[in-house]
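Using the sequences and the hints, build the whole thing.
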Amino acid sequence: MSNENDLAIETHSLTRRFKKVVAVDSLDLAIRRGEIFGLVGPDGAGKTTTIRLLCAIMSPSDGSATVAGFDVVKDAEEIKKRIGYMAQRFNLYGDLSVMENLNFFADIFAVGGEVRRDRIAQLLAFARLTEFKDRRAAQLSGGMQKKLALACTLIHEPEILFLDEPTTGVDPVSRREFWDILSDLHLRGVTLFISTPYMDEAERCSRVGLMFEGDMIVCDTPEQVKDLISGELIELRPDDLRRARDMVADLDGVLEIQTYGDLLHVFVDSAERRMSTLEDQLESEGIGVSGLRQTRPRMEEAFISLIRKRIAEGRTNNPVSSESN
Amino acid sequence: MWRRIANVIVKDFQQFLRDKVLLVFVVVGPTAQLLMMGQATASETQHLATAIVDQDRTSDSRALIVALDNLETLDVTHYLDSAEQIDNLLDRGEVSVAVVIPSGFAATLASPPDRATVQVLVDGSSLLAGYAALGAAQGAIASVGGEVTLERTQPAIMSSPAARPLELLPTARFNPELSHSYYLLPSQLSLIVLIVTLLVSSVGIVRERETGTLEQLMVTPLRRIELIVAKATLPTLVALVDFLAMLAITVWAFGLPIRGSLALLLFVTLVFIVAQQTWGLVISAVSATQQQAVMLIFMMGILSVAFSGYLVAVENMPVVMQWASAFFPIRYYLSMLRAIMLKGASFVHIRTQLSALVLLGAASMVVSVRNFQKRLD
Chain V
156 MSNENDLAIE
166 THSLTRRFKK
176 VVAVDSLDLA
186 IRRGEIFGLV
196 GPDGAGKTTT
206 IRLLCAIMSP
216 SDGSATVAGF
226 DVVKDAEEIK
236 KRIGYMAQRF
246 NLYGDLSVME
256 NLNFFADIFA
266 VGGEVRRDRI
276 AQLLAFARLT
286 EFKDRRAAQL
296 SGGMQKKLAL
306 ACTLIHEPEI
316 LFLDEPTTGV
326 DPVSRREFWD
336 ILSDLHLRGV
346 TLFISTPYMD
356 EAERCSRVGL
366 MFEGDMIVCD
376 TPEQVKDLIS
386 GELIELRPDD
396 LRRARDMVAD
406 LDGVLEIQTY
416 GDLLHVFVDS
426 AERRMSTLED
436 QLESEGIGVS
446 GLRQTRPRME
456 EAFISLIRKR
466 IAEGRTNNPV
476 SSESN
Chain G
3 MWRRIANVIV
13 KDFQQFLRDK
23 VLLVFVVVGP
33 TAQLLMMGQA
43 TASETQHLAT
53 AIVDQDRTSD
63 SRALIVALDN
73 LETLDVTHYL
83 DSAEQIDNLL
93 DRGEVSVAVV
103 IPSGFAATLA
113 SPPDRATVQV
123 LVDGSSLLAG
133 YAALGAAQGA
143 IASVGGEVTL
153 ERTQPAIMSS
163 PAARPLELLP
173 TARFNPELSH
183 SYYLLPSQLS
193 LIVLIVTLLV
203 SSVGIVRERE
213 TGTLEQLMVT
223 PLRRIELIVA
233 KATLPTLVAL
243 VDFLAMLAIT
253 VWAFGLPIRG
263 SLALLLFVTL
273 VFIVAQQTWG
283 LVISAVSATQ
293 QQAVMLIFMM
303 GILSVAFSGY
313 LVAVENMPVV
323 MQWASAFFPI
333 RYYLSMLRAI
343 MLKGASFVHI
353 RTQLSALVLL
363 GAASMVVSVR
373 NFQKRLD
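Chains as they are written, first to last, in my numbering: chain V, 156 to 480; chain G, 3 to 379.
Since the hints were made in silico from the structure, they are not lab data. For each residue, glycine too, the CB sits at the ideal point set by N, CA and C. Some hints could be false.
[What the hints assert, rightly or not] Stretch by stretch, here's where chain G covers chain V in the computed footprint (C-beta under 8 Å, at least three residues):
| # | region |
| --- | --- |
| 1 | 209-222 |
| 2 | 248-255 |
| 3 | 260-271 |
| 4 | 427-439 |
[To be verified] Below, a sample of chain V positions facing chain G; criterion: calculated Cβ distance under 10 Å:
| # | residue |
| --- | --- |
| 5 | Gly199 |
| 6 | Ala231 |
| 7 | Phe281 |
| 8 | Arg291 |
| 9 | Thr308 |
| 10 | His311 |
| 11 | Phe317 |
Next up, the structure:
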């Protein structure tokens, strides 16, 4: 029982099928209270569906899930009292003011009196929206709208907060502010379940799950995920990216190549041994090289590598990003 | 429960009052439409140019001409010597009506067993004007001649004044002036209520879906039934207020009577609005965007015009269409509206229609409420 109580979210073979696709395929998850769980994956991986299933606004086709100890099918309403959910799209009343939006959600959640006044003041300060409280939500900037949406989902102090790509389309400064707020919530013990397409955000999570075509490919701490990548990473900036890529692919000890803008990321068995040959080979072909260095693989490289591996294993029928670069 | 419903209603009102476009649509649109329609139909059937062929030339025949000229519907513009000239004038559209008073008119009037016959020719290509002229002429002829038989011939297009004279005296009850506004304005009124109800109700839901707030509401303790009740309140009130305003216009500006009970009229309207809302729910359920919803409402409006008995009496439709019309609340509503306003029908007279409307409303409500889930799938 105590073990069960430690889990904020637990799923067993959670599956959701639509007409033609399996959006979420036999998902097994166990998320402890107080975690920041990051769900990453390309578009169409099933992230939003997973969150909707967990928020009990979509019914699973198969399997089961409990959120805050309640079953998503049988006790949907109990779950809704305990969670906050911020959908991907702008989800406030644009023609109502900041204050009216907050008041409306406070009304619906029956947060009244002193508590409401204090909490709204606190949330406004928290989201730095106090001076905009009479402005119509539609007239706020994208970042402010997201913060207001977050404030509205926090009005009833949920135990678990689901955020579906909360920072998509938000400028970097607002994004940082937003994450400061999330860190604050984390410190207060709120469980955070966040889907994001941004790998730097994934790095901030206590655990991340990589979803691809409805499957959870990997689910671990960011460090562990990065360790999954085989080999060491050499980064370089060649003059002729395309030729360099084709050439490097044939070299000994090269495990995988990813392009990253102008940069070439080369995974090799040993950076120490391969770095100089790599440079020599390219120069001899007349390709100039700058910025050659060994670097730590980031989440991004790890995920691309993992997804490619999955595609290479042929366990997919939808080659989403086999040659994404 | 009621508190949460009230919260949503208050919020909906705030939004509604700030939605200028919707406000204009709901307030200005119907008012302008009704005023224009009322004006147009009134003027179309007023001061119709009339030609007179007086072959009798007696004081009685002159009295009849004066009576005809005094009608608001008719203006005597031509005095002709022979009936042959009529066709020409009608063909050229210079007159819409021609009245032939045969010689011996006064004499037959004076000897009761005989029946005086007056021939009225109307331009049948303008149906409304034709009916109005016929109706008006009958009144005048009846008042002058007492027992006068109106000889109604085929419209002028057939142009054979000698065609078999029909010995009939049509009398329009409930609408003695055969005023087209009497017929048209209640229909328009019912359509306005229909469109306003559908628009406000489905836009209210679809907009929340479009902006994602519906999804947000799904993760609140707000129950499904609370959401439906709350979402139905604003459209009901708006449609009812609109109805009252439009009713006031038809009564005060165009002189339509409310011969039956106003309370009954309001009750029937309320039932209609609620029944119609279930269609609003259906439209909201299948529309992803407000644009789609508006298109469906437009389609619904057209179908409703067809099935309401506005243009064609339901009884005259093909059987299949009659069945289909059974699913459109306006069919029952419009006939009740006309009955109460124009005939002074009481509850007893309309109970069949009312039961049908209630039944239809209840059935479709069950279906649409069950389909309106607090889930996305």
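Against the structure, the hints come out as follows:
Restraint check on the region 209-222 of chain V versus chain G: 5 residues with Cβ-Cβ distances below 8 Å, three needed, restraint holds. Look at the region 248-255 of chain V against chain G: 5 of its residues bring a Cβ nearer than 8 Å to a Cβ of that chain, three or more, so the hint holds. Requiring three or more residues with a Cβ within less than 8 Å of a Cβ of chain G, the coverage given for the region 260-271 of chain V holds, as 5 such residues are present. For the region 427-439 of chain V, the assignment as covered by chain G is violated, since 0 residues bring a beta-carbon within under 8 Å of that chain's beta-carbons and 3 are needed.
The restraint placing Gly199 (chain V) at the interface with chain G is violated, with a minimum CB-CB distance near 17 Å, outside the 10 Å limit. The criterion of a C-beta within 10 Å of any C-beta in chain G is met by Ala231 (chain V), whose closest approach is roughly 8 Å, and the hint holds. Of the supplied interface hints, the one on Phe281 (chain V) is violated, with its beta-carbon coming no nearer than about 19 Å to a beta-carbon of chain G, more than 10 Å. Because the beta carbon of Arg291 (chain V) sits about 8 Å from the nearest beta carbon in chain G, less than 10 Å, this interface hint is met.
Taken as an interface hint, Thr308 (chain V) checks out: its beta carbon lies about 8 Å from the nearest beta carbon of chain G, inside 10 Å. Against a cut-off of 10 Å between C-beta atoms, the interface hint on His311 (chain V) holds, since the closest Cβ of chain G lies about 9 Å away. Below 10 Å, beta-carbon pairs count as interface contacts, and Phe317 (chain V) has one with chain G at about 8 Å; its hint therefore holds.
Against the hints set out earlier in the document, violations occur for numbers 4, 5, 7.
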